[in-house]
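Spelled out, the chains give:
Number of protein chains: 4
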Amino acid sequence: MKRAAIIGGTGYGGLELIRLLDNHPNIQTEKVISRSDEGLEISARYPHLTTIINTNFYGLNKEALNNIDVVFFATPAGVAKNIIPDIQTPGVQYIDLSGDLRIDNQAEYETWYQLSPPDQSLQKSAVFGLPELYKEEIRQAEIISNPGCFATAAILGLAPLISREIIDPETIIIDGKTGVSGAGRKVSLMTHFSETNENIKAYKAGAHQHTPEIEQHLTKLAGNKIFITLQTHLIPMTRGIMCTIYAKVKKEEDVFKLFNEFFKHQPFVRIRPEGNMPQTKEVYGSNFCDIGLHFDKRTKQVVIVSVIDNLVKGASGQALQNVNLMNGWDETAGLTGIPLFP
Amino acid sequence: MKRAAIIGGTGYGGLELIRLLDNHPNIQTEKVISRSDEGLEISARYPHLTTIINTNFYGLNKEALNNIDVVFFATPAGVAKNIIPDIQTPGVQYIDLSGDLRIDNQAEYETWYQLSPPDQSLQKSAVFGLPELYKEEIRQAEIISNPGCFATAAILGLAPLISREIIDPETIIIDGKTGVSGAGRKVSLMTHFSETNENIKAYKAGAHQHTPEIEQHLTKLAGNKIFITLQTHLIPMTRGIMCTIYAKVKKEEDVFKLFNEFFKHQPFVRIRPEGNMPQTKEVYGSNFCDIGLHFDKRTKQVVIVSVIDNLVKGASGQALQNVNLMNGWDETAGLTGIPLFP
Amino acid sequence: MKRAAIIGGTGYGGLELIRLLDNHPNIQTEKVISRSDEGLEISARYPHLTTIINTNFYGLNKEALNNIDVVFFATPAGVAKNIIPDIQTPGVQYIDLSGDLRIDNQAEYETWYQLSPPDQSLQKSAVFGLPELYKEEIRQAEIISNPGCFATAAILGLAPLISREIIDPETIIIDGKTGVSGAGRKVSLMTHFSETNENIKAYKAGAHQHTPEIEQHLTKLAGNKIFITLQTHLIPMTRGIMCTIYAKVKKEEDVFKLFNEFFKHQPFVRIRPEGNMPQTKEVYGSNFCDIGLHFDKRTKQVVIVSVIDNLVKGASGQALQNVNLMNGWDETAGLTGIPLFP
Amino acid sequence: MKRAAIIGGTGYGGLELIRLLDNHPNIQTEKVISRSDEGLEISARYPHLTTIINTNFYGLNKEALNNIDVVFFATPAGVAKNIIPDIQTPGVQYIDLSGDLRIDNQAEYETWYQLSPPDQSLQKSAVFGLPELYKEEIRQAEIISNPGCFATAAILGLAPLISREIIDPETIIIDGKTGVSGAGRKVSLMTHFSETNENIKAYKAGAHQHTPEIEQHLTKLAGNKIFITLQTHLIPMTRGIMCTIYAKVKKEEDVFKLFNEFFKHQPFVRIRPEGNMPQTKEVYGSNFCDIGLHFDKRTKQVVIVSVIDNLVKGASGQALQNVNLMNGWDETAGLTGIPLFP
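Residue numbers (full-length UniProt numbering), protein chains in the order written: chain A, 1 to 342; chain B, 1 to 342; chain C, 1 to 342; chain D, 1 to 342.
Hints may be right or wrong, so weigh each one.
Claimed, not checked - Once the Cα atoms are required to be at most 30 Å apart in a straight line, the calculated DSSO-like pairs of lysine-lysine come out as:
| id | chain 1 | residue 1 | chain 2 | residue 2 |
| --- | --- | --- | --- | --- |
| 1 | D | Lys204 | C | Lys248 |
| 2 | A | Lys300 | B | Lys297 |
| 3 | B | Lys300 | A | Lys248 |
| 4 | B | Lys204 | A | Lys225 |
| 5 | B | Lys251 | A | Lys297 |
| 6 | D | Lys186 | D | Lys204 |
| 7 | C | Lys251 | D | Lys62 |
| 8 | D | Lys2 | D | Lys62 |
| 9 | D | Lys204 | C | Lys204 |
| 10 | C | Lys248 | D | Lys300 |
| 11 | B | Lys204 | A | Lys257 |
| 12 | C | Lys204 | D | Lys2 |
It should be emphasised that the hints constitute simulated quantities derived from the structure, not laboratory data.
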C-alpha cells in the first residue's frame, strides 16, 4: 500500500482526493496537510468525513513527508513551484494540481498568472498529466503537472480534429461554462450564493489562465502555433464543466468515426452517438469526459460539446489516473464509480 | 384606457403580460383567454394573483374579443397564424409573441418550425417588433410579430457591428444560454427539476428555430445573405438569457463608442463600460438588454455578451414596448421597474 | 415629494429600498449612504442600476442628512442605536430595519444580540412597525423599529390564534426556512454557493435573535408570558421565508373564518382557501404575507404556513408600508407590484 | 456472485440500485426490468451509463426472473403487492421499495394510499427493513418491506427518545424537507423546474402516506399508540431529506449520550457533537443518517435534525443494506463510499 500526502487538504481538490483515495486498492491517504488548519481534526472542518477520516491536519514541514510515496499539491498557483525544490526526494512522486508547472514559456506564465515563473529545470522535468495524449511520458514521470479543468475538456474536444487537420485553427472558439466549485473554497462575492444563484456571468474575458495551456498542447499536436479564443462563464451549479467548441471545417470527414478511433483505448472518454449531446450531470462525481458532436452542413461549422466533473477529471480524478499510470496499476483503479444521476 | 385581451393566458408569456399591464397607465387587461382553463378562476391556477386578478379565464371565441383594442397572442407556434385571419378587425392591434409571422420565406418557416406556413399576405402585413431597429415601422403597424428571445439578444448584440461592416459575417458564432422558463409551462423531462438542476445541457444543435430569424434581420442590415451558427444551452435557473457572440474583426474600431452611438436613443439598451460584463440577474424582471464587449487583440476576435430577461425583453415586455409605440405613448410606459437584484 | 436617505446602501436591504422608492409617488431616494463605499458611483457597485441611479454613495455625517425627511437604517445590529441619538432632528422620520430597538427588555437584548443595549428612552420611543397589529401607533410614530423577517411571518401566522385563545401557547413550534439573501451581502462559508446549493442546513439552534421579538408581541396579544421554539433553516434559494407553525388547538373553531376576519382590513395579508398552501415564489418581490392553514382532526394540531419575501415584507417593503402610514399616504403606495412568477 | 433483477429500472430508485450494485463484491445486476422501456438500451435512456451498462431493459414476465436470486421492486405503490404472489419462488429474496407492505392495518393502508390493501399473509410475511431497529428479523427475512424516506429519517431521530420514554409522545412534530428526486421521474407541475426552483412549498398537509408508517413503529417502541404530526416540504434541490423533529422532554437526560449509546453498533448512523447540526449535503450519495440534537432549557423542547440521502438510505442504499444482512455479508458491503462534498 503506497502512502499519500495531500498538501492543501482544506480545499475542494484535496477533499476530492481524500474521497477518491479512500476507495483505491493500492494507495491510501497518510497525511492531510493544511497550513491554515494545522492540528484541527479533519472531521471538524468537514463533518461529512465523521467516522471515516479520524485524523488531524498536519502542518507543512519536511518531517511530515517522511515515508510518503506520493505527494499531491492541491494548492493555489504559486505554492508548489516554491516547495517542490525544497522537499524533492528520489523515488517520491509529485503531482501538482495547480498551474505552476504547466506553461513552458516563462514569459507566458508571468503574463497569464501574474506570478514569477518556476525554475526552468523544475518545469521541464514535469510531465503534463493528460493521459489521453501523453500516456507513455506519464508512465515514466516523477513529477506531474496536472491539467487545468477547462484545458482538459477543451484539449480532449479538439485533439482529434487538430491532429488530423480537419479544422481551420484560426476559427477555434471555446465557450466554457463552469460550476462554482471551480472557484474553490475561498469566499468572495463572485461565489456568494445570492449573487450566483439564478444568474449567469461571463468572467475573465481574454484573460483566462488556461488559454496558454490549451494553445501549448494544440500547438504540439498541430506542429504550428495555434491561438484560441476562450470565454468562460460561471453558472449556478456546484460541479461540472462544459466546453462548447466551435471551428470551421476545412476537410469534411466522419467526425464520429474519427473521435471513436482517436479515443478507442481511452477508458474515460466516451463519444456520444449522433443527436446525443452530453450533459454535465451525466459525468457527475466520475472521471469521464463525454463528448458530443454536430457538424452543420449549412455553415461548415463543427460544434463539439465536451463535459467533465471539474473536481474529478478536471482535477483530483485525473491526478489519480496519473498516479495509476506512474505505478503500473490499472489506469481506472479507484475511478470506476458510476456518475451520480440524478 | 385601452382594453387588452391575452390569448394563451395560462402560459408564462401571458402571465408576464398580466404582471406588466397591471402597472401600465394607458392599457389594462380586460380578458385572459385560455382554451384549457376556460371558466376557471385565474387565481385558482395562479395563486400569486389572489386579490389582484379577480376574474376567470375566458374561452376563445369572437364574442370574447368584442370591445377589445389590443390582442396579444401568447400562444405556441401554429396558433396565431390560423386565428388572426378569422378575427381580424380594423382598428384592433394584434401582437403575436410566437414565431408564426417572423419568417419571410415560407420554405424556411416550414423547415425550421415543422408547420405549414402562414398565409403570405398576413405574414407580410406583420412588422417585426424589435423597436431598436424598426421603430418607425412599428409606430405604423397593426400586426406585430414579436421577436424570439434568443433573436432579441443576438440581433441587438450584432446589429452595430454588422451595419458598420466591422466583422467578417462568416465567422459569427452565437452561444446561447437560457433559463428554463423559456421552455414554457408544459411539463417534460427536459424541464423536470431533478434532471435540470445542477446540470447544463446543449440542445437543438443546428436546429434552433431562431436561427433563420436572426439571419433574416442581420441580412437586412448587411445587405447580403448572412449565415450564423447558434448553439443553445439550458442552464439551471428560471429566468434570463445570455448570448455570448463571437466574430472576427476585419476593421478595428472603438467598439464601445460604436455601440454607445448606435443605441444612444434606445432606452432599454445599456452598454457596459470596458471590463464590465453583464449578468442575467442584472436585468431580472426588467425590459433591459445589457451588452458588454471585449476585443481581443491577440486573436482579433470580438466577444459580445448580451443579456435579457427572456420573459420581459425576450417576450412580454418587448410586446408592451411595441404597443407603447403603436399608440404613441412613452416607449417606456409600464416598463420602468428596476431589475430585481439579488 | 419627500426626500429619503438610506444608511447602509451597500447591503440588500438598502438596495431593495432603492428599488421600491423608485416606484413611489410621494417619496424619492435623495442620498444613499455607505461607509465602505463612500464616493463610489452606485452603479459601479450595482450595475443593474446603470442609467437608473446616477449618483454616488455618500459618507455618513450630519451634513449628509440636511434636508432629509425620512432616514432608513438598513444597517447591521448595533449601528442605528448609536447613531440616532446624535442625528435625531424634530420632524424627521427614522426607520430602523435592524433589531436594535425591537427588544423592550435590556437584558434580553444583550443575551440574544450579544451587544450592549440601546438607550432605554430611545428604545421606548420607537414603535414596532408591524402595521397589521399596530397601525394606529405607527401613524403617530417618529421612530419605527421595523420587524425582523422571521418575526413578521411568525407573528402574522399566530396573531389570530393567540388573540382568540384558540391554541395552547406552550405547544408553539415555529420551523423557519429562509433564502440566503437573509444573511446579507457579507461573504462567508455559510453563504458560499458550493456549500449552500443542493443543501439544507439548520442553524442557530435555540439562539435565533428573532425569538424574543416574537415572544414579546405574542405575549402582548395573549396578556401572559409566551415562550416559543424557533428553529431556522437555510435553503438553496435567494429570496423568501416560510414559517411552518405548529400548535395544539384547545378550542375548535373555523380557523379560515377567524383568519379572514382578523385580517380583513389588511391589504398585504392574503388567507388561502382550504387545501391551498402558499409557496414563497407566490409572493416573490412583493409585500404580501400569504397564509395557509390546516387543522388536523386526528391530532388536534393546527399547521400554519406563512410566507413572505424576506427583503420586502420582511424588511424594506414593510419599512415603506410604515412610512406610508406615518405620512398619511395610501398604505399600499409604491407596493402594488404583482409578485414575479415564475 | 448473486444475481439481482431490478423491477422498475426506469425510475430513480432503480437507477440508484444499478449504481450501488455495480460497486458490490457479492451481487450484480443481472436484469433491469421496465414495462415502459422494454427492449430499449439502458444507456439510451440513461446516457450516464454509457460503456458501463451495455444491456437492454427487459419486460416483466416470469421467465425474466429465472435464475435470479434477489428481486428489487423499485416501483410505485400498488405494483409489488400484486406481482409478488405470482412470482414468489422459494429461496429468492424480495425487496419492495414501495409502501405496499409497510402498513399492518389494512384500513389504514387504504386510507393513506387510496389503494386496495395487499393480501394480509403476504404483508405479514414481510419484515420492515430498518436495520437499526430490526436487524435480527431482517437476517431471517425472505421479503423485505423497505422503509419510506421520511419514515427512515424520522424513526431514527425518535427511536432513542421513545424507547427510553424521554419525551411526551403527544407533542411530536416532524417537519420534513425533501429534495425533488423524492417525487420520482414522472413529470408534473410539482416538479417542473420553473415552479420549483427558487421556491419552497408545503405539500400533503395531514395526508402524507409515511405518517402511519412512522406511527406504527414508534408505537411498537413505546408500547402504546402514538400519533404524530408530519408536514412535508419540497425544496429546490435534487437529493436529500431533512426531518426537523420537535418534542417536549418529560425526563431530562443527556441526549447525546443516549443517542450515542443507542446507535453504537450501527455503522450508518452518526451522532453529531453538541453545537453541530448535520446538513443534507454531508450525506450526499451515501447511506448515512446523520443526527444532530439540541435541548432547549428555556422551553424543555428537544430539537432533532436527522438527514439522509433520500435515494440511498431513504431507498436503494437501505435496500442493499438489507440484502447484505439477509445474506450474511458485511452490513456495509457496497455502501462505503464517502459522501460527495461539495
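request  = Please flag the earlier hints that this structure goes against, numbers listed from lowest up.
outcome  = 4, 7 and 12
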